[in-house]
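*Asks:* The chain contents come next:
2 protein chains.
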Amino acid sequence: MRKIVLASTSTLFGQEYLAYLKPVMQQLFTGIKEIVFIPYARPGGISHDEYTGRAAEAFGAIGIGVKGLHTFEDPAQALLHAEGFFTGGGNTFLLVKQLHELGLMEALNAEVEKGKPYLGTSAGSNIGGVNMQTTNDMPIVYPPSFQTMGLVPFNLNPHYLDPVPGTQHMGETRETRIREFHTQSNIPVVGLREGGWIAVNGTEITLQGGLSARIFKAGHAPYELESGGNLALL
Amino acid sequence: MRKIVLASTSTLFGQEYLAYLKPVMQQLFTGIKEIVFIPYARPGGISHDEYTGRAAEAFGAIGIGVKGLHTFEDPAQALLHAEGFFTGGGNTFLLVKQLHELGLMEALNAEVEKGKPYLGTSAGSNIGGVNMQTTNDMPIVYPPSFQTMGLVPFNLNPHYLDPVPGTQHMGETRETRIREFHTQSNIPVVGLREGGWIAVNGTEITLQGGLSARIFKAGHAPYELESGGNLALL
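Chains as they are written, first to last, in the UniProt record's numbering: chain C, 1 to 234; chain W, 1 to 234.
None of these hints come from the bench; they were simulated from the model.
Relax, there's no trap hidden among the hints.
Just so you know, same-sequence chains aren't split out, so a pair can sit in one copy or run between any two.
Taking lysine to any residue and the SDA-like style, the derived pairs with C-alpha atoms no more than 20 Å apart in a straight line are:
no., residue 1, residue 2
1, K217, V141
2, K217, R177
3, K97, H182
4, K217, P43
5, K97, T183
6, K217, G45
7, K217, A232
8, K217, I46
9, K97, P144
10, K114, A82
11, K97, R179
12, K97, Q184
13, K3, N230
14, K97, Q147
15, K97, R177
In this text, all values refer to a predicted model and were calculated from it rather than measured experimentally.
Bound-form chain C, shown alone (with noise of 0.2 Å):
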């Protein structure tokens, strides 16, 4: 049975990493002793050590250990061998790259199509959407491809921002630019709000914690999920 968690950001403001998420990482990864961490999207530009430093920090806590997909010679293997994930966030264009070009893409994907837990968070979740093309994220690198997992059966927007009323500054607000993503693309959006998270229980999907999402469709009003919301048949 699948089991996947994407949520919108690491980090609530104020807050230690990964904090906010621990019971539900201690659910995740019931019975697991230790994960990979798939550090390639590099948030800060920080080495793939430091971050893998920090999510040892934050799993050591609940008493799973942590070994970065940077260490192996065969990363490939080390996917085959883990017994669950965790993708941190950052810049969604280097993980995406990094993913593709080292053919872990659909060697990922397979591992969690198995059952093995998945966690992303931030670009981590944008791999759970069929592609990447609704992240914030600068497209610092040139993937060869902007496909990714598609372990739910829409994209998601991270860090989803309201637009700002009265401000003066004339640049895009996030709705109009999944609009426009709209223009080109009939897959619908899930703008996930700091503190959602989506949850994959074999076919189920739900919005979870406490926050409403906003949903966008191709020739679709946007409108707002609840939380505890179904998202399987958007």
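Dock chain W against chain C, hints included.
*Replies:* Using the frame of chain C, we list chain W on its own:
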């Protein structure tokens, strides 16, 4: 002699389309009766015709005719015969994809290098940089390349936004995103605030518009360049 204006935005808050740029347009396009408008960025998904109509209205007010590049059977020939160019804003990925797929990126570059005046706003300014990898736009389509014209020896970040003091949002600031770009590239980046523009006259490249810009160079702390400052030797 090269004559180029790359503006952060087409429109200032509460003003008409291109209103604040009219004196600049009059000077840039002196003696020119008709320009070719490049509408491919399609802001908000509007049609090429609608978008060209907007540009025609603004240029009509200063006595200059506008033809949309999309109306020509052979757009490369249209660039060759044009007197000058304006590329409007919208989605940079759409714009760059279409220019590359139609074989127009280098053709446009060649005409501008010959001395035909070029105005860009937002996405239309991004393509004046070395590449589009510091755009704020969503990757709603997959372009065959991120390379752009390189009319200036740096990249632009239009609609540049300073970090918001006291925000509780955990998404990356613009400065963080540009710093991440500099883990991958040594190309300098000009963070161009709304109301500012870059003026190229021959080999002179200066900042204009009365606002400072934020300059980002790999391995250096970002700094402010005052309006009037030299951008030729970043």
